Every structure is written in C-alpha cells, then in structure tokens.
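K.L.:
Given only the sequences and the hints, what does the whole structure look like? Please build it.
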Amino acid sequence: MEEHSTTMDFSQLIRLNMRIIGTVQRVGYRHIVQNIARKHNITGTIENLEGYDVRIVAEGTRKDLEAFKQAIKISEYPILVECIESSEEPYLGCFSYFQVIRGSPEEELAERFDSAIAIFSRMERKQDQALEMHKESIGLQQETLGLQKETISLQKETLGLQKETLELQKETLELQKETISLQKETLGLQKETISLQTETVSLQKETLEEIKGTRSDLDKGFNSELREMREELREIRNALIHAGIMQTVKS
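For the sequence shown, our numbering assigns the number 1 to the initial residue and increments by one for each residue that follows.
None of these hints come from the bench; they were simulated from the model.
Since the structure is predicted, the reported quantities are computational estimates derived from the model, not experimental observations.
Positions of the beta carbon are idealized from the N, C-alpha and C atoms, including for glycine.
Warning: the hint list may mix true and false statements.
What the hints assert, rightly or not - Label pairs and their computed distance ranges (CB to CB):
id: 1; residue 1: 127; residue 2: 49; range: 31 to 37 Å
id: 2; residue 1: 135; residue 2: 39; range: 30 to 36 Å
id: 3; residue 1: 201; residue 2: 180; range: 44 to 50 Å
As the list claims (entries may be wrong) - With a cut-off of at most 20 Å between alpha-carbon atoms, the simulated DMTMM-like pairs for lysine to aspartate or glutamate come out as follows:
id: 4; residue 1: 205; residue 2: 225
id: 5; residue 1: 220; residue 2: 209
id: 6; residue 1: 73; residue 2: 53
id: 7; residue 1: 39; residue 2: 53
id: 8; residue 1: 212; residue 2: 231
id: 9; residue 1: 212; residue 2: 228
id: 10; residue 1: 69; residue 2: 47
id: 11; residue 1: 39; residue 2: 66
id: 12; residue 1: 126; residue 2: 136
id: 13; residue 1: 177; residue 2: 167
id: 14; residue 1: 135; residue 2: 124
id: 15; residue 1: 69; residue 2: 89
id: 16; residue 1: 191; residue 2: 167
id: 17; residue 1: 184; residue 2: 174
id: 18; residue 1: 69; residue 2: 53
id: 19; residue 1: 73; residue 2: 106
id: 20; residue 1: 156; residue 2: 174
id: 21; residue 1: 63; residue 2: 47
id: 22; residue 1: 149; residue 2: 124
id: 23; residue 1: 39; residue 2: 64
id: 24; residue 1: 126; residue 2: 76
id: 25; residue 1: 184; residue 2: 167
id: 26; residue 1: 149; residue 2: 167
id: 27; residue 1: 73; residue 2: 88
id: 28; residue 1: 156; residue 2: 124
id: 29; residue 1: 63; residue 2: 88
id: 30; residue 1: 220; residue 2: 210
P.N.:
See below:
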C-alpha cells in the first residue's frame, strides 16, 4: 500500500477499531479484506480473535473508511458477516499498508487448508449455480424454440389464409368482370330495344299518315261520285218532266 500523500487533508483522517462477527475465520476472509483495503486506500491490520470473530484496525479518510466498511460486509458462501461493531479513534498514521496479522505456523497452515476448502466449496457452489443457470438457459432456449415453431406454424397458416384470400379476390374480380360484361350486353340490348321501339313508333306514324291520306282520298272520290250521281238523276228527272211522264214536284 502506498503511503498517503503529504498534500492529504489530515483533518479528514480517522481510525476505526472494528470487530467483525459471523462466519469469518478459516474461510479466506482476511485475504479478501486485505484486497478491499488496498482498493480503498486503507491502511491498518486484520487478525483473528479467540473464538470466531475478526478484529480490524483501519486508518484512512472518513469517506474511504465508510466505503471500506460497506465493502467488507460480505454474505457470500462460505463467508457470512452478521454484524460489524466499530468505534472511531484518533488517526495515528502508524501504518504504511494493510497487514494481515497471522498466528502460529500451525494455526496459519490449518487456516490455509480451511481457506482452500472454503474456496473450493465456493467454486463448487458457483459451478452448481452456473450449471443451474445453464439448465435454465437450456429450458428457456427450448421454450424459445417451441415459440419459434408455433410462430412459424402461425406464419404458415397466415400465408395459407392470405393465398385463399388472394384466390377469393381473383374470383371476385372475375365475377365483377363478368357482371360488367353482362351489364354492357344488357345495355346494348336496351339500346337496340329502344332503337326498335323508335323505329316502330316511326312506322306507326307513317302508317297512320298513310291511312289518313287514303281516307281523305276515298272521301274525295266518294263525294265526287255522289255529286255526279245526283247530277245524272237531276237530268233524268228533268227529261221525264219535259216528256210529260213526270210532273213537277212542288217544292
């Protein structure tokens, strides 16, 4: 750990004396805390206490120590920090880095074995979690594949319906064309009928005119013949009167 810069505001530097309670011994906790301290510019010490707890003496800025305190609240198997008891003390500046205070070689060797077992246990648990996630991923992929198959099936059905709709539209169009053609033929027949009706009316008019002309000629001829007959009868009568055969009828 690098020493604090001479330009640091020493009024912000403090010391925290902390007792870490929980499953924190023989699980590799001290080594993890040492790395966290390095990342947060914290100096001090960490050591195992008799029993199950761990003691930390840490120095740094108030802001860095707050972040450090939050970071060491680990609850990832096999480590479980249940509680952190801390008290603030004046900054002394007697640490140049963050040190792990170790016990006897036998104790440290035993703890290293326990830490290794804890690390392997954590790795095994993570592998189990990864395997479970992989199984879930496979399950999701299978569900996705099933949904994709259903989607493809629906798309095929939709395509079939679209084809049927297109065929119906084509048939409808053909029927519309036939209907228009029939309407055109009907219109043509109506025009022909009107033309024939017009010609019939014209012929009827001509026939009527001819009948009227014929009747007029007949009337004129009849009247002329009637006048001639009357004239002849008058002449015969006059001749009979003149011959004394017939007397004059007084009018």
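K.L.:
Hint by hint, say whether it matches the structure.
P.N.:
Going down the list of hints, with the structure as the test:
Evaluation of the 31 to 37 Å hint for residue 127 and residue 49 yields a pass: the beta carbon distance comes to about 33 Å. Range check, residue 135 to residue 39: Cβ separation about 35 Å, and the 30 to 36 Å hint holds. For residue 201 and residue 180, the hinted distance range of 44 to 50 Å is not satisfied, since their beta carbons lie about 31 Å from each other. The hinted pair formed by residue 205 and residue 225 fails the criterion: a straight-line CA distance of about 30 Å is larger than 20 Å.
Among the hinted pairs, residue 220 with residue 209 is consistent with the structure: their alpha-carbon atoms are about 17 Å apart, no more than 20 Å. For the proposed pair residue 73 and residue 53, the alpha carbon gap of about 13 Å is at most 20 Å, so the pair holds. For the hint linking residue 39 to residue 53, the alpha-carbon distance of about 23 Å lies beyond 20 Å, and the restraint is violated. Note on residue 212 and residue 231: the hinted pairing is violated, with a Cα-Cα distance of about 29 Å set against a maximum of 20 Å.
Of the supplied pair hints, the one linking residue 212 and residue 228 is violated, its CA atoms being roughly 24 Å apart against a limit of 20 Å. Proposed proximity of residue 69 and residue 47 is supported: the alpha carbons are some 16 Å apart, at most 20 Å. Between residue 39 and residue 66 the alpha-carbon distance is near 13 Å, which keeps this suggested pair within the 20 Å criterion. Proposed proximity of residue 126 and residue 136 is supported: the alpha carbons are some 15 Å apart, at most 20 Å.
Under the criterion of a C-alpha separation no larger than 20 Å, the hint pairing residue 177 with residue 167 is consistent with the structure, at around 15 Å. Among the hinted pairs, residue 135 with residue 124 is consistent with the structure: their alpha-carbon atoms are about 16 Å apart, no more than 20 Å. Proximity of residue 69 to residue 89 is assessed by CA-CA distance (about 15 Å); at most 20 Å being required, the pair is judged to hold. A distance of roughly 36 Å separates the Cα atoms of residue 191 and residue 167; the hinted pair therefore is violated under the 20 Å criterion.
Taking the CA atoms of residue 184 and residue 174, the gap is about 15 Å. The hint holds against a cut of 20 Å. Between residue 69 and residue 53 the CA atoms are separated by roughly 16 Å; this keeps the pair inside 20 Å, and the hint holds. Pair hint residue 73 plus residue 106 does not hold up; C-alpha atoms about 28 Å apart against a cutoff of 20 Å. This hinted pair does not check out: residue 156 and residue 174 have alpha carbons roughly 27 Å apart, beyond 20 Å.
For the suggested pair residue 63 and residue 47, the alpha carbons sit about 23 Å apart, so the restraint of at most 20 Å is broken. A hinted pair counts as satisfied when its Cα atoms are at most 20 Å apart, and residue 149 with residue 124 does not qualify at roughly 37 Å. Taking the CA atoms of residue 39 and residue 64, the gap is near 10 Å; set against the 20 Å cutoff, the hint holds. The straight-line distance between the Cα atoms of residue 126 and residue 76 is roughly 10 Å, inside the 20 Å bound, and the hint therefore holds.
Distance restraint check for residue 184 and residue 167: the Cα-Cα separation of roughly 25 Å exceeds the 20 Å cut-off, and the hinted pair is therefore not satisfied. About 27 Å separates the Cα atoms of residue 149 and residue 167, which puts this hinted pair outside 20 Å; it is violated. Of the supplied pair hints, the one linking residue 73 and residue 88 holds, its CA atoms being roughly 18 Å apart against a limit of 20 Å. Restraint check for residue 156 and residue 124: not satisfied, since their Cα atoms lie roughly 47 Å apart, outside the 20 Å limit.
Proximity of residue 63 to residue 88 is assessed by CA-CA distance (about 13 Å); at most 20 Å being required, the pair is judged to hold. Restraint check for residue 220 and residue 210: the C-alpha separation of about 15 Å stays at or below 20 Å, so the hint holds.
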